[in-house]
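Colleague: The primary structure of each chain is shown beneath.
Protein chains: 2
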Amino acid sequence: MKTVYTFGPGIAHDDSRARDKAVVGGKGANLGEMARIGLPVPPGFTITTEECLHFLRDRHSQSARLDGEVRSALTHIERTVGKRFGDRHDPLLVSVRSGARVSMPGMMDTILNLGLNDQTVRGLAASSGDERFAWDSYRRFVQMYASVVLGIDHARFEDALEKAKEDRGVSQDVDLSATDLRDLIGEFFGIVEAERGAPFPQDVDEQLASAIAAVFESWESDRAKVYRRLNGIPGEWGTAVNVQAMVFGNLGETSATGVAFTRNPATGDKAYYGEWLVNAQGEDVVAGIRTPQYLTLAARTAAGAKLPSMEEALPAVFTELARLFELLELHYQDMQDIEFTVERGKLYILQTRSGKRTAKAALKIAVDMVEEGLIAEEAAIRRIDPASLDQLLHPTLDPDAPRTLLGSGLPASPGAASGAVVFDADTAAVRAELGENVILVRQETSPDDIHGMHVARGILTAKGGMTSHAAVVARGMGRPCVSGASSLSIDYQARSAEIGGVHIAEGDLITIDGSTGEIFQGALPTVMPELDREFATVMAWADRHRRMNVRTNAETPADCEVARQFGAEGIGLCRTEHMFFDGERINFMRQMILATNGTERLVALDRLLPEQRSDFVRIFEIMQGLPVTVRLLDPPLHEFLPHSESEFTELSAAVGIGVDQLRRRAEELAESNPMLGHRGCRLGVVYPEIYEMQVRAIFEAACAVSRETGQPVVPEIMIPLVGTARELDMLKQTVIGVSEAVFAEQGLTVEFTVGTMIELPRAALVADEIAAVGEFFSFGTNDLTQTTLGISRDDAGRFLGSYIDKGIYAKDPFVSIDVDGVGKLIEMAARLGRETRADIKLGICGEHGGDPASIAFCDRVGLDYVSASPFRVPIARLAAAQSALAAT
Amino acid sequence: MKTVYTFGPGIAHDDSRARDKAVVGGKGANLGEMARIGLPVPPGFTITTEECLHFLRDRHSQSARLDGEVRSALTHIERTVGKRFGDRHDPLLVSVRSGARVSMPGMMDTILNLGLNDQTVRGLAASSGDERFAWDSYRRFVQMYASVVLGIDHARFEDALEKAKEDRGVSQDVDLSATDLRDLIGEFFGIVEAERGAPFPQDVDEQLASAIAAVFESWESDRAKVYRRLNGIPGEWGTAVNVQAMVFGNLGETSATGVAFTRNPATGDKAYYGEWLVNAQGEDVVAGIRTPQYLTLAARTAAGAKLPSMEEALPAVFTELARLFELLELHYQDMQDIEFTVERGKLYILQTRSGKRTAKAALKIAVDMVEEGLIAEEAAIRRIDPASLDQLLHPTLDPDAPRTLLGSGLPASPGAASGAVVFDADTAAVRAELGENVILVRQETSPDDIHGMHVARGILTAKGGMTSHAAVVARGMGRPCVSGASSLSIDYQARSAEIGGVHIAEGDLITIDGSTGEIFQGALPTVMPELDREFATVMAWADRHRRMNVRTNAETPADCEVARQFGAEGIGLCRTEHMFFDGERINFMRQMILATNGTERLVALDRLLPEQRSDFVRIFEIMQGLPVTVRLLDPPLHEFLPHSESEFTELSAAVGIGVDQLRRRAEELAESNPMLGHRGCRLGVVYPEIYEMQVRAIFEAACAVSRETGQPVVPEIMIPLVGTARELDMLKQTVIGVSEAVFAEQGLTVEFTVGTMIELPRAALVADEIAAVGEFFSFGTNDLTQTTLGISRDDAGRFLGSYIDKGIYAKDPFVSIDVDGVGKLIEMAARLGRETRADIKLGICGEHGGDPASIAFCDRVGLDYVSASPFRVPIARLAAAQSALAAT
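For the protein sequence lines, the chains are A and B, in the order given.
All the letters of the first sequence, read from the start, carry residue numbers 1 to 888 under the UniProt record's numbering.
All the letters of the second sequence, read from the start, carry residue numbers 1 to 888 under the UniProt record's numbering.
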């Protein structure tokens with residue numbers, strides 16, 4: 001079997017091993033493919049992974065044979081490029097790179113410009129006509145080689161380089177002259193000799209053989225081993241080695257370098273797009289010293305630029321490049337991002353890959369390509385990153401508006417918003433009522449602030465992470481939010497704040513960008529999203545291919561409307577408690593909680609009943625005909641009680657109970673771990689009258705809307721935090737009892753189901769028993785993650801960042817389902833549930849319902865629907881379609 | 001097939017159906033068995049459960065046949081007793097009772113004295129010579145019959161009875177004369193006629209047939225249905241009906257009634273034991289109006305009582321009774337508790353069952369019976385309730401001491417203790433240091449109080465349940481504790497309290513009994529437990545039969561000593577954090593926590609190191625050669641920070657940091673749900689230097705003790721709150737690194753293992769991965785229960801009682817493992833763990849390690865050991881033996 005595979009123009013191996021990543025590595029396979037389809041890649045060869053393993057087993061036995069094969073592959077390069085390795089006049093230089101089966105970024109080593117020595121560097125200087133370039137190339141090579149191959153600490157050379165710049169009073173590498181660099185190389189040689197007791201190797205063949213050996217050995221470095229352990233990569237894979245001719249775009253006026261896209265990556269328009277520089281290397285573009293030129297005449301003209309486009313300056317090369325663009329799109333069936341170099345009029349393609357693009361461009365390119373007949377609808381769906389749609393769905397800052405940045409925090413909920421700063425929810429409510437746009441600015445938010453968050457255009461907090469209360473609620477509402485802005489300090493007494501040293505009084509205007517986390521002074525203009533033809537087209541395709549339904553988590557009429565516009569097929573989670581914070585209701589709610597006996601409680605509940613009923617009427621009207629899953633009261637009661645002195649005083653006046661007594665009752669209700677406390681169905685078990693009121697409100701509303709519209713109303717009553725079948729059974733009986741009473745009073749019957757959230761590990765473990773009672777399960781993955789992992793979302797900030805950095809969790813488990821842990825419970829519950837009740841309806845209503853990876857997981861385990869916040873509904877539709885396609 | 005089975009003296013059916021509880025019910029089978037072995041039971045008959053089901057299916061078709069069989073069975077009774085049913089002169093009376101396959105206490109109905117009517121009541125009066133007795137028997141019959149058979153509300157008759165007493169100015173039923181009762185019966189008849197439109201039935205055959213039908217029907221009552229659903233009893237079982245002759249102990253001087261034990265139930269001595277009353281009914285004993293007489297001459301003499309013993313007064317009957325005692329013990333192979341009645345010189349045994357006994361008696365009886373050759377060792381082990389041993393292991397109140405009860409709370413940790421009241425842990429420490437016995441009295445306790453709890457003789461709290469901090473810690477330490485004493489109110493400022501209205505100043509003496517929950521004034525004398533020969537014998541037997549090892553949860557030298565005396569075979573859980581609360585250490589600990597950088601933290605840790613090391617030295621010395629599982633720091637750091645104003649001031653002086661800054665840091669560390677917060681190995685991951693110090697202390701101590709004693713030291717390092725294999729892996733590397741350093745310094749190597757607690761659902765779910773790293777698992781069932789059920793132990797008080805009352809959980813899941821939920825995770829983790837590492841050591845160290853039902857579960861799933869608090873070690877040894885025997 002071959003151990004070395006050549007690649008380059010005109011080479012297309014019959015051997016399937018040349019295409020096998022297991023044999024030639026990922027990079028080797030890509031280079032081979034580019035050559036095979038006729039791209040002018042700089043020629044080179046790949047030494048197989050098997051050879052790496054042989055080498056690591058026995059470092060001597062293979063070397064002679066390998067040397068022979070390498071030598072003959074090198075001759076292939078020399079012939080193709082027309083230069084010879086080690087030639088004193090116009091030397092062939094090569095790169096030596098590792099290339100394992102999968103990409104291991106930064107984990108392994110690379111050597112560039114190999115083939116330079118004290119003689120060939122002069123040849124390079126002559127042939128390039130640029131002495132400084134030649135010596136700098138040599139300097140880089142010596143530095144890389146000494147570090148990678150000879151194992152000398154990189155810092156020794158960096159220090160010498162720094163010292164050289166200091167001695168010459170310059171700060172940039174580019175300010176060192178050819179002579180400076182030559183002197184520096186002399187110093188480098190001194191370091192090498194002192195460290196190794198031998199001079200730097202001048203024999204280019206020895207350089208190459210040692211570099212190949214060093215890349216093989218890098219597979220066994222500590223760094224690579226750790227990386228493999230973290231990523232589950234077996235040590236037996238080994239790495240391939242790629243040796244490739246160096247090409248230079250700075251060998252005169254017929255040389256150039258550039259980057260091109262086959263279509264416009266910002267807009268998606270079908271037009272070549274790119275930049276190039278004559279007589280330059282890639283790094284010159286990066287350094288930003290010279291202004292890049294446009295690729296096409298059209299683009300140059302549109303921009304009014306003076307420097308000639310490539311189309312004008314190198315028309316033959318441009319024509320060849322354009323031909324390759326077509327070839328590339330036809331082959332890869334996607335918009336490509338290409339790096340190219342022209343060396344003395346000869347075009348080389350260094351790299352091609354699918355180009356990054358904006359969400360807007362992604363949609364347009366996908367739709368165009370389908371219409372061009374280039375790709376199928378399924379491929380178009382697969383190609384769009386669902387998460388990127390978020391960019392399209394929220395208002396964004398007008399990119400042309402001038403701005404003054406005050407500071408920044410975490411991009412907690414996307415979209416941009418401007419408004420007057422307010423420091424509490426009540427003020428937010430009052431000023432919003434007067435028609436003002438407000439930004440609610442808080443240390444952190446609590447459920448007490450919900451009414452303020454609802455009316456605010458955006459939310460800004462000084463504390464809290466991406467999964468803080470503010471962040472979660474804001475995302476749910478689709479309100480832009482910046483959280484954890486550490487440069488923000490608030491003085492609630494003075495009703496003012498400082499952001500990045502700037503004083504902000506209540507009422508001052510600011511703008512926040514929840515997509516970037518930035519905070520700006522004043523009201524910047526924002527641009528509303530335009531959901532164009534391409535968006536609608538892709539969504540329609542997605543709907544055609546997905547198996548799962550997509551619902552929304554919503555409880556306000558406004559959110560319900562938005563969700564329906566975005567294509568929600570029902571409500572998966574309507575949280576009734578949010579309804580209790582609005583306006584006067586909170587006082588009735590507090591009266592209910594403070595009741596010392598059932599009668600007092602009933603009086604307060606009677607006042608809440610019509611309010612709840614009217615909420616449900618509006619929701620049922622909007623969701624006509626679609627299922628609405630209503631979760632009964634869930635949070636611990638003390639969340640509804642006052643916190644501040646003034647709130648206590650106000651409540652005392654409203655309910656006629658002394659402040660001291662109120663405070664005592666609030667203290668009694670306080671819990672050490674409210675997350676695991678008296679909440680969810682435990683409230684329903686101990687205070688059945690609360691759930692009775694809620695269920696009555698639901699059924700009365702359902703009857704009213706059903707009568708009024710003649711359309712079906714489909715309530716699904718969801719009991720939260722169930723851990724045993726018996727809890728659900730008791731509460732289901734309560735629901736049925738109330739339903740019978742209401743239907744008798746109304747002379748009307750409405751179909752409904754009773755089910756539960758699966759949000760405790762125990763519920764998942766006994767899901768077979770629970771399914772005997774519950775007609776549906778909705779996985780409450782927020783709480784299920786908290787309990788399964790034993791991590792409080794509110795407190796996780798202290799260590800979760802560190803946990804993700806250290807690879808303990810690959811992703812934030814509150815953002816993307818922890819498949820190995822939480823996922824295992826969900827799978828078990830789904831299986832057990834179906835064993836008892838084959839047609840049980842299964843869904844998910846945690847934050848994960850809007851996360852594409854989690855949606856794919858839900859699809860794999862066979863859930864019937866996912867439920868996402870309104871603004872994530874399109875994302876969920878697309879992700880569900882992708883997942884369905886992946887399964888076929 | 002027979003539908004009616006007679007029983008009584010001389011009847012022993014060949015038919016195995018007569019012994020089958022499924023056919024004749026539990027009570028019917030027992031009565032049959034008693035008769036079969038020759039006991040003089042009042043004769044009667046049982047109608048099968050099948051007949052009940054026939055009846056419920058078709059109420060008419062069967063009645064004629066059944067009537068015939070009943071009639072002939074009744075004749076059997078009449079012949080045996082020598083009275084006739086409905087006889088006007090000396091009527092046979094019968095009881096009619098339900099009797100299902102399993103006991104359903106209070107769920108079904110009973111009718112006594114059936115066979116009375118306006119004629120036979122006069123016959124009963126004549127034959128008994130007690131007119132009041134006759135009319136009262138009739139009154140009771142009418143009342144029961146009207147309620148059970150005729151379905152008239154019981155309250156109607158109770159009201160009439162109350163009114164009759166009021167009218168006659170008396171308060172007790174017994175104060176009503178025969179005439180009063182006759183009048184009352186007249187009123188009862190009026191109620192029956194008004195309600196039913198028909199007179200009370202005077203035909204005794206009709207009475208019997210209707211009573212049997214009513215018992216059948218009671219199987220379908222709502223009450224019975226609910227009971228069945230709660231207890232998983234199938235409706236298809238049906239109930240049998242037992243009809244049995246009434247016998248009366250109050251028919252003159254040759255009649256009597258009594259209760260007897262075949263051995264002394266208090267001491268276990270082999271001596272007949274019991275009480276009797278001549279010419280009396282069972283209820284006379286209960287009413288306490290007459291003083292019962294001793295059964296034996298020896299007992300009467302010992303007590304110096306005047307009234308004759310039964311041995312003297314009714315020698316023939318006594319001889320017969322004594323003969324039956326021997327027969328009973330031989331047959332049932334256990335000490336029996338017997339109810340008997342003598343009717344006109346004829347002895348009837350009404351009931352026999354295994355007698356309740358004290359723990360001391362249980363041990364003595366078991367050992368004696370083995371020595372007598374009556375039972376085998378295995379039977380002796382099986383028979384002793386492990387939980388009852390608790391009575392023997394703690395000091396108890398001297399039963400003879402006079403006492404003044406102040407109030408009571410929950411019996412949170414057994415044992416009695418006296419001492420001076422102190423209201424805070426520091427005062428407790430100071431006064432205990434001076435040699436005073438103190439009782440720590442707190443609103444509730446927190447980890448800050450640990451040092452005070454350690455030095456106190458007992459703990460009393462006003463708040464908190466059986467699983468509050470005080471209760472759990474006190475049980476762990478073996479300190480008596482009364483928690484949640486609602487009549488206790490404390491004024492910390494005034495340093496005084498009130499208990500049940502009595503003022504208690506600091507320093508006043510009180511006594512608490514943690515076994516009963518009682519609080520007494522003054523210092524009552526207590527008696528230390530004597531662990532006698534029988535205790536040692538039974539423990540030795542248990543050790544011979546158990547499979548699992550028994551370890552202890554202990555971290556103080558005193559606890560370790562106690563546990564070894566009680567037979568602990570190692571430490572399963574040594575909680576290092578408890579060591580940080582003692583004396584000055586808390587200040588070093590606080591300095592460590594408040595450190596703003598690694599260096600400051602290291603300085604504080606350096607001061608803690610020698611303290612930790614000396615703790616471990618003492619523990620390793622005591623546990624010589626036995627394994628010691630040390631859990632690294634687990635609780636959230638803020639638990640160590642001050643709470644009160646004065647503590648902050650004190651700390652500020654000690655560490656030289658302003659109070660404000662300290663308070664700010666404490667606030668920063670506060671968590672919403674500390675249970676799910678930054679604790680356990682999450683501390684080790686973020687602050688590795690804390691674990692490094694602890695591990696260094698362990699290994700330095702192990703080396704020192706190993707060198708000093710020449711004995712092996714067996715440390716097992718346990719990493720808490722692991723959720724992923726990677727966390728454990730990282731920390732295991734830390735442990736190994738420190739071990740290598742210490743062993744190199746010490747020139748000595750100590751064998752050790754590294755493992756983890758399985759206390760998060762996720763850990764159980766990925767136990768296969770974790771077992772690749774961890775060498776042992778210890779199930780931390782306290783936290784595993786909290787997370788799996790989503791119930792905070794600290795907050796469960798609000799609803800857990802209600803949950804247990806409603807049958808949602810059969811037992812408190814923090815006391816006895818929730819087998820269906822938590823148990824499923826433990827089983828899964830044990831299986832997955834062994835799949836990866838066949839010899840992984842598995843144990844349990846939650847509170848459940850001392851609960852017999854949980855120990856049986858641990859045995860079933862194959863754990864290697866259980867670990868219990870020191871005082872529960874004997875319980876665990878016995879429970880483990882019982883479980884091993886159950887498996888064979």
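It should be emphasised that the hints constitute simulated quantities derived from the structure, not laboratory data.
Worth double-checking, as some hints may not be accurate.
The list treats identical chains as interchangeable, and a pair is accepted whether it falls inside one copy or across any two copies.
Listed below are the simulated BS3-like cross-link pairs for lysine-lysine, each with C-alpha atoms no more than 25 Å apart in a straight line [stated by the list, open to error]:
(1) 732 / 356
(2) 270 / 21
(3) 841 / 163
(4) 270 / 163
(5) 732 / 806
(6) 841 / 83
(7) 732 / 811
(8) 732 / 225
(9) 2 / 463
Since we're looking at a predicted model, the values are computed, not measured.
Colleague: One pair to classify: residue 841 and residue 83, alpha carbons no more than 25 Å apart. Within, between, both, or neither?
Modeller: neither (70 Å within a copy, 67 Å between copies)
Colleague: How do residue 732 and residue 806 come out at 25 Å by Cα distance, when the copy is not named: within, between, both, or neither?
Modeller: Classified as between: cross-chain Cα gap 15 Å, same-chain 45 Å, threshold 25 Å.
Colleague: Go through the copies and call it for residue 2 and residue 463: within, between, both or neither, with a Cα cutoff of 25 Å.
Modeller: Result: close neither inside a copy nor across copies, 60 Å intra and 80 Å inter.
Colleague: Give the relationship of residue 270 and residue 163 under a CA distance limit of 25 Å: within one copy only, between copies only, both, or neither.
Modeller: neither (50 Å within a copy, 101 Å between copies)
Colleague: With 25 Å as the alpha-carbon cut-off, assign the pair residue 732 and residue 356 to within, between, both or neither.
Modeller: neither (52 Å within a copy, 42 Å between copies)
Colleague: At most 25 Å between CA atoms: does that hold for residue 732 and residue 225 within a copy, between copies, both, or neither?
Modeller: between (55 Å within a copy, 18 Å between copies)
Colleague: If the cut is 25 Å between Cα atoms, do residue 270 and residue 21 qualify within a copy, between copies, both or neither?
Modeller: Result: close neither inside a copy nor across copies, 33 Å intra and 86 Å inter.
Colleague: Quick one: residue 732 to residue 811, C-alpha cut-off 25 Å, is that within a copy, between copies, both, or neither?
Modeller: between (37 Å within a copy, 23 Å between copies)
Colleague: How do residue 841 and residue 163 come out at 25 Å by Cα distance, when the copy is not named: within, between, both, or neither?
Modeller: neither (71 Å within a copy, 59 Å between copies)
When each numbered hint is compared with the structure, violations occur for hints 1, 2, 3, 4, 6, 9.
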